Amino acid sequence: MRRTRRLAAVALGAVAAMALGACGGPSTGGSGGGTGGGGDTAKAEANAGIGGIANPSDAKGGTLRMANSSDWDSLDPADTYYAYAWNFARLYGRSLVGFKAAPGKEGAELVPDLAESLGTPNADATQWTYRLKPGIKFEDGSVITSRDVKYAIARSLDKDTFPNGPTYFNDYLDLQGYEGPYKNPNLDAFTAVETPDDRTLVFKLRTAFAGFDYLAGLINTIPVPQAADTGARYKEKVVSSGPYKFETNELGKRFTMVRNPNWDASTDPIRKALPDRIEVAVNANADDVDNRLFSGDLDVAIEGTGVQPAAQGRVLADQALKANSDNGLAGFTWFTVLDDSVAPLDNVHCRRAVLLAADRTGYQRAYGGATGGDLATNLMGTNIPGAQQFDLYPSSGGTGDVAKAKDELNQCGQPNGFTTSISFRAERPKEKAAAEALQQSLARAGIQLEIKPFPAGDYAKLYAGKPDYSVANKLGLKVYGWQADWPDGFGFLAQVVDRRVIKAGGGNTNLGIRIPELDARIDQALGETDKAKRDAIWTGIDRTVMENASVLPGVWAKGLLYRPPNLTNVFVTGAWGMYEYTALGTTRR
Amino acid sequence: MLAYVARRIVAAVVLLGIVTVATFAVFFLVPRLAGATPQDLAARYVGRAAGEAQIQAAAERLGFTDPLYVQYGRFVKGLVAGAEYDTGASVEQCPAPCLGYSFITQNPVLPDLLDRLPVTLSLALGAAVLWLVSGVAIGVLSALRRGSAFDRAAMGVALAGVSLPIFFTGLLTLSIFSYGLGITAPGGSFTRLDENPLLWAYDLLLPWITLAFLYSAAYARLTRAGMLDTMGEDFIRTARAKGLPERTVVVRHGLRAALTPILTLFGLDLGLLLGGAILTESTFSLPGIGKYSVDAVVQNDLPKVLGVVLIGSMFIILANLVVDVLYAVVDPRVRAG
Numbered sequence: 001m002r003r004t005r006r007l008a009a010v011a012l013g014a015v016a017a018m019a020l021g022a023c024g025g026p027s028t029g030g031s032g033g034g035t036g037g038g039g040d041t042a043k044a045e046a047n048a049g050i051g052g053i054a055n056p057s058d059a060k061g062g063t064l065r066m067a068n069s070s071d072w073d074s075l076d077p078a079d080t081y082y083a084y085a086w087n088f089a090r091l092y093g094r095s096l097v098g099f100k101a102a103p104g105k106e107g108a109e110l111v112p113d114l115a116e117s118l119g120t121p122n123a124d125a126t127q128w129t130y131r132l133k134p135g136i137k138f139e140d141g142s143v144i145t146s147r148d149v150k151y152a153i154a155r156s157l158d159k160d161t162f163p164n165g166p167t168y169f170n171d172y173l174d175l176q177g178y179e180g181p182y183k184n185p186n187l188d189a190f191t192a193v194e195t196p197d198d199r200t201l202v203f204k205l206r207t208a209f210a211g212f213d214y215l216a217g218l219i220n221t222i223p224v225p226q227a228a229d230t231g232a233r234y235k236e237k238v239v240s241s242g243p244y245k246f247e248t249n250e251l252g253k254r255f256t257m258v259r260n261p262n263w264d265a266s267t268d269p270i271r272k273a274l275p276d277r278i279e280v281a282v283n284a285n286a287d288d289v290d291n292r293l294f295s296g297d298l299d300v301a302i303e304g305t306g307v308q309p310a311a312q313g314r315v316l317a318d319q320a321l322k323a324n325s326d327n328g329l330a331g332f333t334w335f336t337v338l339d340d341s342v343a344p345l346d347n348v349h350c351r352r353a354v355l356l357a358a359d360r361t362g363y364q365r366a367y368g369g370a371t372g373g374d375l376a377t378n379l380m381g382t383n384i385p386g387a388q389q390f391d392l393y394p395s396s397g398g399t400g401d402v403a404k405a406k407d408e409l410n411q412c413g414q415p416n417g418f419t420t421s422i423s424f425r426a427e428r429p430k431e432k433a434a435a436e437a438l439q440q441s442l443a444r445a446g447i448q449l450e451i452k453p454f455p456a457g458d459y460a461k462l463y464a465g466k467p468d469y470s471v472a473n474k475l476g477l478k479v480y481g482w483q484a485d486w487p488d489g490f491g492f493l494a495q496v497v498d499r500r501v502i503k504a505g506g507g508n509t510n511l512g513i514r515i516p517e518l519d520a521r522i523d524q525a526l527g528e529t530d531k532a533k534r535d536a537i538w539t540g541i542d543r544t545v546m547e548n549a550s551v552l553p554g555v556w557a558k559g560l561l562y563r564p565p566n567l568t569n570v571f572v573t574g575a576w577g578m579y580e581y582t583a584l585g586t587t588r589r
Numbered sequence: 001m002l003a004y005v006a007r008r009i010v011a012a013v014v015l016l017g018i019v020t021v022a023t024f025a026v027f028f029l030v031p032r033l034a035g036a037t038p039q040d041l042a043a044r045y046v047g048r049a050a051g052e053a054q055i056q057a058a059a060e061r062l063g064f065t066d067p068l069y070v071q072y073g074r075f076v077k078g079l080v081a082g083a084e085y086d087t088g089a090s091v092e093q094c095p096a097p098c099l100g101y102s103f104i105t106q107n108p109v110l111p112d113l114l115d116r117l118p119v120t121l122s123l124a125l126g127a128a129v130l131w132l133v134s135g136v137a138i139g140v141l142s143a144l145r146r147g148s149a150f151d152r153a154a155m156g157v158a159l160a161g162v163s164l165p166i167f168f169t170g171l172l173t174l175s176i177f178s179y180g181l182g183i184t185a186p187g188g189s190f191t192r193l194d195e196n197p198l199l200w201a202y203d204l205l206l207p208w209i210t211l212a213f214l215y216s217a218a219y220a221r222l223t224r225a226g227m228l229d230t231m232g233e234d235f236i237r238t239a240r241a242k243g244l245p246e247r248t249v250v251v252r253h254g255l256r257a258a259l260t261p262i263l264t265l266f267g268l269d270l271g272l273l274l275g276g277a278i279l280t281e282s283t284f285s286l287p288g289i290g291k292y293s294v295d296a297v298v299q300n301d302l303p304k305v306l307g308v309v310l311i312g313s314m315f316i317i318l319a320n321l322v323v324d325v326l327y328a329v330v331d332p333r334v335r336a337g
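Protein chains in written order, with my numbering: chain R, 1 to 589; chain U, 1 to 337.
Treat the hints as calculated values from the structure; they're not laboratory data. Do not take every clue at face value.
Stated by the list, open to error - Under 7 Å between C-beta atoms, here's a sample of chain U residues computed to sit facing chain R: (1) Asp40; (2) Gly47; (3) Ala49; (4) Ala50; (5) Glu52; (6) Gln54; (7) Ala57; (8) Gly88; (9) Ala89; (10) Gln106; (11) Leu171; (12) Tyr179; (13) Gly187; (14) Gly188; (15) Ser282; (16) Pro287.
Stated by the list, open to error - Taking lysine-lysine pairs in the DSBU-like style, the calculated list, with each CA pair at most 35 Å apart, reads: (17) Lys77(U) <-> Lys183(R); (18) Lys531(R) <-> Lys503(R); (19) Lys237(R) <-> Lys77(U); (20) Lys272(R) <-> Lys531(R); (21) Lys531(R) <-> Lys133(R).
This one's a predicted model, so the numbers in the text were calculated from it and none came from an experiment. Just so you know, even glycine gets a beta-carbon here, dropped at the ideal spot from N, CA and C.
Let the hints inform the model, and build the full structure from the sequences given.
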């Protein structure tokens, strides 16, 4: 018996040691794991990468190790629609213009990349001209011409071959029925983009688009040499025009990149190209990615949304880890749409009652509290240049105003409240928690919510984003979120509040906001060339949406990003709310 | 014996056919019965900004507008005669047996699966050796020292092994041994056996041990129970009475008789694992068939799901065939029957 007890004690001790080891992990002090010893700064500081540069350094060399817990939709610039993919693509491709590599809002400014300057519009902004810098080359040494850019845009129009990419060029170029080079190999038939010489591109639009430079900054304008185009297979061997080219590419597993000898830094105002080599693992376990970041075995989690919930508490509790973290606005607004086609939410007073009764602090807790984001009071977050914060439904501490809500219910003709459904994406626990929080807080005013989860992949296509399904199933409230395709009013609002983008067949990103008066104002903003005036129009549109009580704002999302001490030149860009990948370096050799 | 094996192979082919029909039905027939249109199905495989024309085009391109039997016939035709695929820039050939193309990535399924097979094979076979040897050894020792401290400790650890999920033990061991002590490879490490055998073993050591910890527990308990039964049999007493050495009694008479149910379980477990060690591959970020199958199911990517189901079913059937043959080797009574 004594021997058994001794054995049990030893076993318990071993288990305790294992658990402690797992909790404590390696020393996470300033110089951290790996062989790196930090950059030029002496001491790490939390949020140093927000509005400033953490560990600044221009030292070149080393290998940057990155991991992605999912997989790219595609490495082909024509076929990808993730913010991190657009950020990352700048390492191997150059578009006509691009976001400045700078911290904070400065990172949301456009600067010329392949082009000599930002676009030159005609008088009514329906035609835009760009002129390429001379002598910029592909990885094989051939000079990039305007036809290479034109071809890249032309192929991106083919949504049978590239279903994932954005459709802005399909929507706004004056295509005259042109469907891409695979269906019509005669590139001269693509008259919406003209190339009068090897360095000039002229874009012809269907309608005025004063912010067209943002479209010219899409990765669809990264040049593709026609001879190297293999259609759906091009993602296996993308031809580089950026500072790195693909060395290996095992789709769905990993790829490596090395320096592109034909990239000329003197033509490139954006990229620092500090590491000699970049290794990327995909489909990695998300929790394992965090552990590897903490141990110094990995440098960057590519998704850029922050550490997993399991690691969040560890970062916040450990001062050494916290000192190497940044908790900034990530670009997303998490909100709930009030579908105005589902009775009684077709009455503005009923919608206002919802906004007034909601305890928004519960919404914030659902998304991880203050670390997960700031309480949102309107749609566009302050990370978008020109956006303004305002609150039309104030309450003490954001917990809701039940008395005012009941008053609105009286005006709505529902003095005892009403019953409707709230939908969310089943695989997202934060959305579930938000729905439950709303269920509790709205009940205080007599508004009863029936909770309905749906598969995330089909959410917008078959359920919450399909108008007839929403009406038939009384999906009055729909938990959702949005990040701007680019940081301005159009980039954020157009796809979520313009009623004209709602398709009867589903697949909508506007989940039920129909405000007729916005049509003209959105069109006006599209054609307004004065940026300040344009921003003012978009802010007004945001205000109208809130006056109309079409959206219950939840959280302006924040991500808790971790930067290992060996990572240099780290900052959060205002373009995407994640680390700027073109600036990163490493001290690991 | 040859006729027996041939019969089993024919039965296996029929079974695989039934499995593909059932999988096809789950993905296409059931949604249609529930009212989904071809466009509803196609909407899953277009981008988020897709219009109705694009969805309709996708429905036609993916063949959803055809009757179900035509779609299944196309799949079978691909298996036996190959298929063609339009990449936009060219039309490429997918030689038989063609398992089709992913609806999401547009990659041919079979090369993808074959590319991931070495990972799953390496993981499953290495772990199987570990769990079989350790599980049986611990089970035999526990049975021989029934009630001892070793027996209790071993069965306690075995209980823990069965109870603890692999995503917990995997992350814990990675945290301690890879990132804490730095003595094992980090997650996501895999080297092919033919490239560097030592690195292959080093990279897989932790996944092997973690997976074997889970399985050996069950084998230890099963072996112990079997040995306790067997060692009380008359023929064991006879063997001892004949003066045979104890080792011979235990190994040649006791263990051999106790092995039959273990072999059955082993065949099933190994077959299942070869079809994809889903949790282990996900936890250790190993790009094997298990991880591939998870992604396929999450994305509703039918060609990938069908491919995984076919490969998985094939391994289960094959493993059971091997086990059936081994029965005859292990147990003379089967041979006689």
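Now for the hints, and whether the structure bears them out:
| no. | hint | verdict |
| --- | --- | --- |
| 1 | Asp40 | holds, 6 Å |
| 2 | Gly47 | holds, 5 Å |
| 3 | Ala49 | holds, 4 Å |
| 4 | Ala50 | holds, 6 Å |
| 5 | Glu52 | holds, 5 Å |
| 6 | Gln54 | holds, 5 Å |
| 7 | Ala57 | holds, 6 Å |
| 8 | Gly88 | holds, 3 Å |
| 9 | Ala89 | holds, 3 Å |
| 10 | Gln106 | holds, 4 Å |
| 11 | Leu171 | holds, 6 Å |
| 12 | Tyr179 | holds, 3 Å |
| 13 | Gly187 | holds, 4 Å |
| 14 | Gly188 | holds, 5 Å |
| 15 | Ser282 | holds, 6 Å |
| 16 | Pro287 | holds, 4 Å |
| 17 | Lys77(U) <-> Lys183(R) | holds, 27 Å |
| 18 | Lys531(R) <-> Lys503(R) | holds, 30 Å |
| 19 | Lys237(R) <-> Lys77(U) | holds, 30 Å |
| 20 | Lys272(R) <-> Lys531(R) | holds, 29 Å |
| 21 | Lys531(R) <-> Lys133(R) | holds, 26 Å |
When each numbered hint is compared with the structure, no violation occurs for any of them.
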